[in-house]
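The chain contents come next:
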Amino acid sequence: MPVIEIKNLTKTYNETMVPVHALNGINLEFEKGEFTAIVGPSGCGKTTLLNMMGGLDQPTSGSVIIENEDITQMNRGALTDFRLHHVGFIFQAYNLIPVLTVKENVEFIMELQHRNKKDIADRVNYLLTAMGMEDKINVRPKYLSGGQQQRVAVARALVSKPKFILADEPTANLDSKSTDTLLDLMATLNEKEQVTFIFSTHDQRVMDKARRIITLEDGKVISDTKLKATHESINS
Amino acid sequence: MLIQIAWRNVWRNKTRSLVIIIAVALGLWGGIFSDAFMQGMAAQQIYSVIHTETGHIQLNQPGFLLNHDMQMQVKDADRIIAAIKTNSAVEGVSAIIQLPAMASTASGSSGIMVNGIQPSDQEKVSDLSKLLIQGDYFKSDRTNQVVIGQQLADKLKVKLHSRIVLTLQTTTGDIVYGAFKVTGIFRTHDSEFDKQMIFVRNKDIQQLVGFPPDAASIITVLLNNNDDTKKVATTIQKQFSGMQVQSWIQLSPMLQILSGTMIQFTLIFVGIILIALAFGIINTMLMAVMDRTREIGMLLSIGMKPSKVFGMIMLETIFLSLTGAIIGVIVSIASISFFGHYGINLSIIAEGFNAFGYSSIVYPTLGVNFYIMLAIMVIIIAIIAGLFPARRAVRLKPAEAVRGD
Ligand SMILES: Nc1ncnc2c1ncn2[C@@H]1O[C@H](COP(=O)(O)OP(=O)(O)O)[C@@H](O)[C@H]1O
Ligand SMILES: [Mg+2]
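As they're listed, the protein sequences go chains X and Y. If you read the first sequence in the numbering used here, its first letter stands for residue 1, the second for the next number, and so on. If you read the second sequence in the numbering used here, its first letter stands for residue 1, the second for the next number, and so on.
It is worth saying that the hints were derived from the structure and are not from the lab. Honestly, I wouldn't trust all of these hints.
[As the list claims (entries may be wrong)] When the alpha-carbon atoms are kept at most 25 Å apart in a straight line, the in silico DMTMM-like pairs for lysine to aspartate or glutamate are as follows:
hint: 1; chain 1: Y; residue 1: Lys-308; chain 2: X; residue 2: Asp-119
hint: 2; chain 1: X; residue 1: Lys-136; chain 2: X; residue 2: Asp-119
hint: 3; chain 1: X; residue 1: Lys-220; chain 2: Y; residue 2: Glu-400
With the rest of the complex left out, here is chain X:
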């Protein structure tokens, strides 16, 4: 069963003088454990698509079904809860809460979920170590490099074991070395935790690391290529 099923999704922005058809009938399925890049030129609808999948915005028509539930039908409260428990987000920037330390930032999600202290401590320690941030746990984000900040953001996204992680151009502000490091860490954790990663990018180096590439143009899927067998399909 797919983790995410997108059916006939359209999104038209009407706030502008001329309506913008950002998504024009998207049909996609994502399986557990995928490591997928959504690519395409600026303005093709990547962010809009990710926002619909993460329940951050309502589509004009169509549905986003996550484990038999259509999230486009949920009210605001239910969506907030859905995002908290089932989606990990990594944004291009402004991921972290500036007044909290690295550790507190990662703990934050689990505290919002009212998890017990020991679970939180174990999980946070494990992830920050996995992301190579163990010696920065008590540092505030502004003292970290962009790459380090994104690594903390990845740990934060993964912390509550969400169904999938959405990353909108996570490397757009990073140099190539940090980009490689981040992608490798993401790939490792994708394997280890069997969590679905879906990220948008227009960076060739990032695409090269993906196992599936979905190309958008003018709000339509123009190609969907599975490059390598996913971890799951190797096993099965």
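Fit chain Y with the ligands to the given chain X structure using the hints.
For chain Y with the ligands alone, coordinates are given in the frame of chain X:
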């Protein structure tokens, strides 16, 4: 964690937060201190009136105070005084014969109130003997001495040792004259009192008008502690149910207004300052929310409930306001206790104050009640001020707030 985040957020933009914190602190300091000053003036005046004019409690025939009818006498005054003195809360009791009269000299005449007293008793209920600017307070045993206020002395153009003639009515309705020698001139905080009230030995006046011995117009009681006034007044009233027993609050409606409405008035005054400050707080917090649009969008996106984001901004507003308020209150308490101890000397403009019955040295004071009310008001104002920025924050659409481009 919400509390921690909110508190740390207050200190993110230190300059901006400090500006509003200092504004709140200064605004409150100004408000609180002027309130304490006014309270101090009120307390001063209440004290002066009690200790020079009314005493804490007065006993007389019902209706006597309406027209000073000399037939309305408190008979058996000695027995009543003795009974009142048994109460340990009582500091002094004095019997007074009070008669309206006309005081005349070659330069003019004035309607006045003659107070016939036993000086040693009267000194136990009134500080008047300490307020003499000339002469003495019945030091010699000579008959027909009179102690008058400075205002009256000026009006009648009399000096120490001058003679004034008092015209009174006897108990049988005849008119009598008595020549009295000015042996003391006093000056209180109340110029009306200084114009109206003159003091003579009771036996001099008794003889003149035929007032029965062992009778008085008024019995004045001074207590050790003002707080006992109500209790003791009730006790005395029970003991002498046929008499009218009144506390200073009933005797001086002006003092009643002063003591009763002061706290409300001071709170209104500080309240207005707080409302003005609220606009500054709203502005600061709106700026803080706008600056953090993306961050707040991120928080909403990752699943922080809007109610929590709302709470976070509310807490920030409350912390910001409370920090300023606490600093303002600390500075206020410090300055109030300093000036409460040393006093603020207003002698430069004291003439003006004296006319209204105020003393020239004011000791600012504020009750604990005031601070409790103030704390409640600050929190209420902060909550109201926080509503706008907090609402603005939760209205952000996460998808738009986090857009990278
Ligand atoms: N809030 C919005 N209002 C109006 N138009 C929008 C809005 N957000 C995105 N768009 C438009 O929708 C199209 C797709 O945008 P987006 O999803 O951000 O593309 P990408 O992330 O691939 O650059 C663009 O033409 C963009 O201008
Ligand atoms: Mg985009």
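Which numbered hints does this structure break?
-> none
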